[in-house]
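Participant: So the chains spell out like this:
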Amino acid sequence: MFGVQAAMRRETARSREALYRLAYAWCHDAGLADDLVQETLLRALDRSEQLRDPARLKSWLCSILANCLRDHYRRLRACVDIDELDEAVLGHDQTPEAAHTSAQLVARVRAEVGRLPLGQRQVLTLVDLEGCSYAEVAEILTVPIGTVMSRLCRARATLKERLLDAAPESARRDDANKIRIVR
Amino acid sequence: MKTEHDVSREMQSAYVDGEVDQADWGRIAGHLGRDEALRAEVCGIRTVKDLVQGAYAVPPQAPRRGAAGGRRWAAIAALCLVSASAGWLLHAALAPDVSVTEAALAEGASLREVSNERVVLHVSTSRRETLQTALDDVEEVLRAAARRGRRIEIEIVANSSGLELLRADTSPFPARIASLRAQYSNLTLVACNQTIDRLREKGVMVRLLPGVQSAPTALDQIVKRLQGGWAYVRA
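These protein sequence lines are chains C and B, in that order. With the first sequence counted from 1, adding 1 to any position gets you our numbering. With the second sequence counted from 1, adding 1 to any position gets you our numbering.
To be clear, the hints were calculated from the coordinates, so they are not data collected in a lab. These figures come from a predicted structure and were not determined experimentally. Mixed in with the good hints, there may be bad ones.
Residues of chain B placed beyond 10 Å of chain C at every Cβ, according to the derived structure [what the hints assert, rightly or not]:
{"#": "1", "residue": "117"}
{"#": "2", "residue": "129"}
{"#": "3", "residue": "205"}
The calculated lysine-lysine pairs, modelled on DSSO-like cross-linking and capped at a C-alpha distance of 30 Å, are [stated by the list, open to error]:
{"#": "4", "chain 1": "C", "residue 1": "161", "chain 2": "C", "residue 2": "59"}
{"#": "5", "chain 1": "B", "residue 1": "225", "chain 2": "B", "residue 2": "203"}
{"#": "6", "chain 1": "B", "residue 1": "225", "chain 2": "C", "residue 2": "59"}
{"#": "7", "chain 1": "C", "residue 1": "59", "chain 2": "B", "residue 2": "50"}
{"#": "8", "chain 1": "B", "residue 1": "203", "chain 2": "C", "residue 2": "161"}
No residue lacks a Cβ here, since even glycine has one placed at the ideal position from N, Cα and C.
So here's chain C without its partners, still in its complex pose (with noise of 0.2 Å):
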């Protein structure tokens, strides 16, 4: 029994912060990402019932915290196509800068990442950040497969191209170096 307890600590840690790390994700907003994992796990103590089977833990609070995104841009805008949610709501002015240290890279990814539209950037990063299957985004996220990969594709297509295939040209924007994530 104490294995059990100690299996289930583990993985209720662990989940916090992978929501953290996914909410900020998909949100660039430290503080934002905080209330939307706080939200997400007292509406998954709501409703705790709903969970039959406790493998599925990680994919039930993600699509806790995919709804608690969507409710809090429902808020924000009235009516508006998650998919269409981009630079309007994770506006900035960064310019691909070059890469010389690894936070400038970080920084760099992340502005790009968050250039995608949100349904896009959600897909992405459930599977690369967490892992998810295909098949799982597409129960999280509640869309069809075929729609997970051609997010996924788009997505990183749209990465290649601005984070590897730019790169040389704005490897000599020094001065571009400040990301500045509009809340």
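Following the hints, complete the assembly by docking chain B onto the known chain C.
Facilitator: Only chain B this time, still in chain C's reference frame:
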């Protein structure tokens, strides 16, 4: 997009993510052995995947997190997990520092159905009907308890848009709350400081109703109460 092979970009991604079946895997691996352009595409996808993983390996810390925060998060997540599991796991699986009874979880219960002596009522919506029902329930439970000489404590914890209930400038029921407070000393009102901070960041001057206390976050307060054996009810 290269056309000499029939490996679509979707399939290239699926290959990198381990999402192709054995037959497709073999077919794509075969193409990769022969097609340098395809190799470059797949390599690019892998690089992008690595970059994305690296970019969020250490997300920035959220502002103002207390030292106990992590443990409390784990505690509430444990509550979710445990209460979703088979009932027999409940007592055995809870961490020692989370002394929560089965009744405390009060799954989906309304305030009137909870038999606990201490109840935390979580308000996170500004829907007028919900707030009205919540106050009706609070009043009814407090009145019934007083009539029967039953000991009860109720704490209303408000965050997110639910904070409107406890704000002097937005509360739809300020007089009613003042009257409840005057009548029942066993009713406490707690506002989430994190919500207040976020409003202030947006330039909103937040004034709370008289007698409203505050807690660092609603979640901290709720978990503290759960750990103390209170029941949780959501408005």
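Participant: Run through the hints listed earlier and report the numbers of any the structure violates, in increasing order.
Facilitator: 8
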